[in-house]
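Enquirer: Protein sequences, first through last, are from chains A and B.
Positions 85 to 283 (this note's numbering) are the ones given, in order, by the first sequence.
Positions 85 to 283 (this note's numbering) are the ones given, in order, by the second sequence.
Hints may contain errors.
Note: identical chains are not told apart, hence a pair may lie in one copy or across any two.
[What the hints assert, rightly or not] Here are the simulated EDC-like cross-link-like pairs (lysine to aspartate or glutamate), alpha carbons at most 20 Å apart as the crow flies:
| # | residue 1 | residue 2 |
| --- | --- | --- |
| 1 | K196 | E244 |
| 2 | K168 | D237 |
| 3 | K168 | D224 |
| 4 | K229 | E189 |
| 5 | K172 | D224 |
Everything labelled a hint here was simulated from the structure, so no lab data went into it.
Number of protein chains: 2
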Amino acid sequence: MSSLVQDALAHATTALLTADLGLAEKVIQEDATIDTIQHELDARTINLMARQQPVASDLRALVSSLRMSADLERMGDLADHIAKLARKRFPGTAVPPELALTIDEMGRTAGKIIAKMSSVIEHRDIARALEIEADDDEMDVLHRKIITTLLADDWGYGVETAIDMTLLARFYERCADHAVSIARRVYFLVTGEYAAPRA
Amino acid sequence: MSSLVQDALAHATTALLTADLGLAEKVIQEDATIDTIQHELDARTINLMARQQPVASDLRALVSSLRMSADLERMGDLADHIAKLARKRFPGTAVPPELALTIDEMGRTAGKIIAKMSSVIEHRDIARALEIEADDDEMDVLHRKIITTLLADDWGYGVETAIDMTLLARFYERCADHAVSIARRVYFLVTGEYAAPRA
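Using the sequences provided together with the hints, build the complete structure.
Expert: Written as structure tokens, this is what we have:
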């Protein structure tokens, strides 16, 4: 799921910035695959709960699996929303040239966060789980940069583009939030403690 | 949790429309209460899973409880976001007079949906679970009405207010989505079938 989500977000960003309708359609179609994997994964998790009667840390891991699959499914939805906006504005682009670089950075920052999150899930890599907190701060900086640009006196793209950019910035930021949430769950599973709140 | 969420959203809407700073602060503070209840509820749910070793429908109900508490917690966050926007724009109001009625309707529609959702949770009221789907369609109509107003040639409130309204409309809509999701989970628990998709 995490690698499909990573691809979906990267492709959605490319589709958005290059007005690639085919790629946008691909992301939109493949969201159903992510949903299907979630349903199968959750069914297996619940089946294990019923058959193995787990307690303590095994049960906590299974409960965390249900929560993480919900986060990943939602991240897929957010990539789908980005792709749908790319499709809606085709053959134009939703993102004006002045903001293309910042959206590209948001996409790359989200990609970096998701890649680290995958490593946290796969290898229970606690050091990386803590790095994600700082990466998420970068995302917040990029988000504020977008809003500052929209509010500048020389904003020349009107309200529709401002609405698009407001939603896009939020989709990337929420996607990162879900990745942070997953990293924190793994951190808790491994250490039994909550990750230190960000400074 | 559902009655606290219902109050939080109603108070956030009033704070927003009447620039009531004290009420906005109250909603923001009480979000922590909703989060605490979620943690306690989930701890009890996981404890039941470990001690009672439930299978079949009992296990499904407990898993659904974990998912519904996550939806309710997120609904509380969305009310908190609305209250924070009211606070940010104080002593002004985020909502221009032309849109106050529509935001008020979004708040009332969300309140109606949350009240029905509470009844669905408490009484496993399946008929009401189906009604919520239609109520959510009303919410989508109100959302489109907001966006149409923002895009009209005579929109005279500039980009900052357009950004505020875009996010507000999304917060109300997402809140309703989570309530729909909870109603569908209860429907599935009671009937073993998924609620019919909306026409």
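Enquirer: For the identical chains here, do K172 and D224 meet the 20 Å Cα criterion within one copy, between copies, both, or neither?
Expert: between (26 Å within a copy, 18 Å between copies)
Enquirer: Quick one: K168 to D237, C-alpha cut-off 20 Å, is that within a copy, between copies, both, or neither?
Expert: neither (29 Å within a copy, 25 Å between copies)
Enquirer: My question is about K229 and E189: at a cut-off of 20 Å on alpha-carbon distance, are they close within one copy, between copies, both, or neither?
Expert: within (11 Å within a copy, 33 Å between copies)
Enquirer: Are the CA atoms of K196 and E244 at most 20 Å apart within a copy, between copies, both, or neither?
Expert: Answer is neither; intra-copy 30 Å and inter-copy 30 Å both fail.
Enquirer: If the cut is 20 Å between Cα atoms, do K168 and D224 qualify within a copy, between copies, both or neither?
Expert: between (23 Å within a copy, 17 Å between copies)
Comparing the model with each numbered hint stated earlier shows that hints 1, 2 do not hold.
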